[in-house]
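S.K.: Read off the chains here:
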Amino acid sequence: MTTNRVTKALRIAWAIGEKDMRIYYLRPGSVIFGILFPFSMFLSYIVGRNVSVEQAIPILVAQTLFFASSSIGPMTIPLERRLRTFDRYLSAPVSLRTVLLGKTLSGFFYGLGISLIPIIIGVLFFQSTVTNILMLSAGVLLSAFCFASMGLMFASIPGQSPGQVMMPMNFVRIPLLFISGVFIPLSELPVWGQSLSIFSPLTHTIELVKGGLGGENIFGSLVNVAVLVVYVLVFLFVGIRFHIINQRKE
Amino acid sequence: MVETVSTAIKTVDLTKRYDKLVAVDHINFEVKRGEIFGFLGPNGAGKTTTTRMLIGISRPTEGTAEILGYDILKQSVQAKELMGIIPDVSNVYTELSAWNNLIFTARLYDVPRIEREGRAKELLQLFGLFERRKERVEGFSKGMKRRLCIAMALMNKSSVLFLDEPTTGLDVQSSLTIRNLVKELNADGLTVFVTTHNMEEANQLCDRVAIIDKGKIVAIDTPEMLKTTMQKLQRIEFSFVGAKKNVINDLRELQYVTDATKNGDKYRLNTENVPKLLAEIWQYSSKNHLIINTLNTLGPNLEDVFVEITGITPETKQKTVGAKR
Numbered sequence: 001m002t003t004n005r006v007t008k009a010l011r012i013a014w015a016i017g018e019k020d021m022r023i024y025y026l027r028p029g030s031v032i033f034g035i036l037f038p039f040s041m042f043l044s045y046i047v048g049r050n051v052s053v054e055q056a057i058p059i060l061v062a063q064t065l066f067f068a069s070s071s072i073g074p075m076t077i078p079l080e081r082r083l084r085t086f087d088r089y090l091s092a093p094v095s096l097r098t099v100l101l102g103k104t105l106s107g108f109f110y111g112l113g114i115s116l117i118p119i120i121i122g123v124l125f126f127q128s129t130v131t132n133i134l135m136l137s138a139g140v141l142l143s144a145f146c147f148a149s150m151g152l153m154f155a156s157i158p159g160q161s162p163g164q165v166m167m168p169m170n171f172v173r174i175p176l177l178f179i180s181g182v183f184i185p186l187s188e189l190p191v192w193g194q195s196l197s198i199f200s201p202l203t204h205t206i207e208l209v210k211g212g213l214g215g216e217n218i219f220g221s222l223v224n225v226a227v228l229v230v231y232v233l234v235f236l237f238v239g240i241r242f243h244i245i246n247q248r249k250e
Numbered sequence: 001m002v003e004t005v006s007t008a009i010k011t012v013d014l015t016k017r018y019d020k021l022v023a024v025d026h027i028n029f030e031v032k033r034g035e036i037f038g039f040l041g042p043n044g045a046g047k048t049t050t051t052r053m054l055i056g057i058s059r060p061t062e063g064t065a066e067i068l069g070y071d072i073l074k075q076s077v078q079a080k081e082l083m084g085i086i087p088d089v090s091n092v093y094t095e096l097s098a099w100n101n102l103i104f105t106a107r108l109y110d111v112p113r114i115e116r117e118g119r120a121k122e123l124l125q126l127f128g129l130f131e132r133r134k135e136r137v138e139g140f141s142k143g144m145k146r147r148l149c150i151a152m153a154l155m156n157k158s159s160v161l162f163l164d165e166p167t168t169g170l171d172v173q174s175s176l177t178i179r180n181l182v183k184e185l186n187a188d189g190l191t192v193f194v195t196t197h198n199m200e201e202a203n204q205l206c207d208r209v210a211i212i213d214k215g216k217i218v219a220i221d222t223p224e225m226l227k228t229t230m231q232k233l234q235r236i237e238f239s240f241v242g243a244k245k246n247v248i249n250d251l252r253e254l255q256y257v258t259d260a261t262k263n264g265d266k267y268r269l270n271t272e273n274v275p276k277l278l279a280e281i282w283q284y285s286s287k288n289h290l291i292i293n294t295l296n297t298l299g300p301n302l303e304d305v306f307v308e309i310t311g312i313t314p315e316t317k318q319k320t321v322g323a324k325r
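Residue numbers (the numbering used here), protein chains in the order written: chain L, 1 to 250; chain Y, 1 to 325.
No lab work stands behind these hints, which were simulated from the structure alone. Since we're looking at a predicted model, the values are computed, not measured. Some hints could be false.
Claimed, not checked - Ranges between beta-carbon positions, derived for each pair:
1. L:Thr3 - Y:Val12: 27 to 37 angstroms
2. Y:Lys157 - L:Glu18: 19 to 29 angstroms
3. Y:His26 - L:Trp192: 52 to 62 angstroms
4. L:Leu233 - Y:Gly311: 54 to 64 angstroms
5. L:Glu18 - Y:Phe130: 39 to 49 angstroms
6. Y:Glu308 - L:Glu18: 45 to 55 angstroms
7. Y:Thr228 - L:Pro168: 53 to 63 angstroms
8. Y:Gly169 - L:Gly193: 13 to 23 angstroms
9. Y:Glu138 - L:Phe199: 43 to 53 angstroms
10. L:Thr3 - Y:Met225: 51 to 61 angstroms
11. Y:Lys262 - L:Ile245: 35 to 45 angstroms
Cβ coordinates follow ideal geometry from the N, Cα and C atoms, glycine included.
With the hints as extra help, turn the sequences into a complete structure.
M.R.: Shown next, in the form of structure tokens:
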């Protein structure tokens, strides 16, 4: 009985995720915030600097994972509230958790798909080598889920326009770039910066991706995985709670 | 359970408060299975809030409701499985084709794969959209989107259909098509709960209507029974050939007139006694050498009943009164 319920919820969540992929992946907002934004930030970082491929590829992968995965929830949920298509989920015989899982899945696959591109390009054209497939997979998969959950949490901000969610989210996303070893390597950060960096999920994404592509890993892969898992749980818990509170206010 | 239940919708003290505002105040009504039930009320009366509670989007502050015996709070999944919902805006996915809209809806209701395609084909044919099933919905007219929205609401073989303002903003042909479709679906046994501002639509479609005002149900009956309870709203409308300007003042003085207005070249007199007033008009015209050009006796329509019960007045009239003060 419980298994049936779970498989039914997964089927419906997948249907929602797949529908979002068809509708929202190529919308201007998703492309701008999910692809162009991290790519242009990456360019601004490497142009004119002597950055090696080993350093550049993990940063690009982490940035695309971070921005792409976290952009889909804040793009789709406010828009669907405005177009009243979100009401379709609320009046359907599915729980809000299932709906939110579907939304998280669409963010997860968006980040996953886009971050695979720099990895493939790196391996095919720039002699990048995957030295630890397990660490790389853990980094990409966990981070995609973590940042999709983060997007879901921010999408609980009541609003009917993606901008109302993207603006506050960027207040968090952009500062994280500075304390996560994206622009400044962790070893060059001041002590307070290094202490803060352990709390940033993006730090652990970069660490795992670097580790997977033959770079050095400072905190250790177990710490990286543990921190990302904790963030997934926290983002999902807080996000779902706020969405439920919002629905009760209806 | 569903087969044996004769009540499709039942509300028990259904209430919704937003802080101090009571949007819906302890409303109780029942909709019988197979009925078309109209839910009427002025803007802000609580129609949409009630509907949103019934379909599970909004949570009641107090009281509850049942859909075919299933409590909307305790058995919300079972209740929602039996409902089809058509909101006031056609909330279809415009980036998808008509076909994909239906298939997605079926997946949302976990309709088995084997049934999905047959059902989608059947509904697209019924609603005249089959030829354009592969086109993106953004190119559809308002009427086509509305029909698609109804088809989506039927994908789960719903037993109770909730329609919110089904024909608002549609042209005459599309409105007629939608009304006919609703009647046909109802003839096949579907219970329909329709929220509308359109009194004529409610009059034509509904077996019974409820009028909600300021969050409370103020009347509930068949349209004809509601009209007959409003005897004082009976009217005689007529015109004279070559009548002078002050005729309306004379007519107001007639014994059986409760109210008199002049609309264009016609005089409209309200009365509770049509035969006596007819005799008075006849006497008045003979005495003043006036020839009656046209004459009709009119019973109250649903709009009159609605206006009388809710006590609404035109906004311009209120403004004028306010300005004079």
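S.K.: None of the hints should be skipped; say for each whether it holds.
M.R.: Here is how each hint holds up against the structure:
{"no.": "1", "hint": "L:Thr3 - Y:Val12: 27 to 37 angstroms", "in the structure": "holds, 35 angstroms"}
{"no.": "2", "hint": "Y:Lys157 - L:Glu18: 19 to 29 angstroms", "in the structure": "holds, 23 angstroms"}
{"no.": "3", "hint": "Y:His26 - L:Trp192: 52 to 62 angstroms", "in the structure": "holds, 59 angstroms"}
{"no.": "4", "hint": "L:Leu233 - Y:Gly311: 54 to 64 angstroms", "in the structure": "holds, 56 angstroms"}
{"no.": "5", "hint": "L:Glu18 - Y:Phe130: 39 to 49 angstroms", "in the structure": "violated, 24 angstroms"}
{"no.": "6", "hint": "Y:Glu308 - L:Glu18: 45 to 55 angstroms", "in the structure": "holds, 53 angstroms"}
{"no.": "7", "hint": "Y:Thr228 - L:Pro168: 53 to 63 angstroms", "in the structure": "holds, 59 angstroms"}
{"no.": "8", "hint": "Y:Gly169 - L:Gly193: 13 to 23 angstroms", "in the structure": "violated, 57 angstroms"}
{"no.": "9", "hint": "Y:Glu138 - L:Phe199: 43 to 53 angstroms", "in the structure": "holds, 44 angstroms"}
{"no.": "10", "hint": "L:Thr3 - Y:Met225: 51 to 61 angstroms", "in the structure": "holds, 53 angstroms"}
{"no.": "11", "hint": "Y:Lys262 - L:Ile245: 35 to 45 angstroms", "in the structure": "violated, 57 angstroms"}
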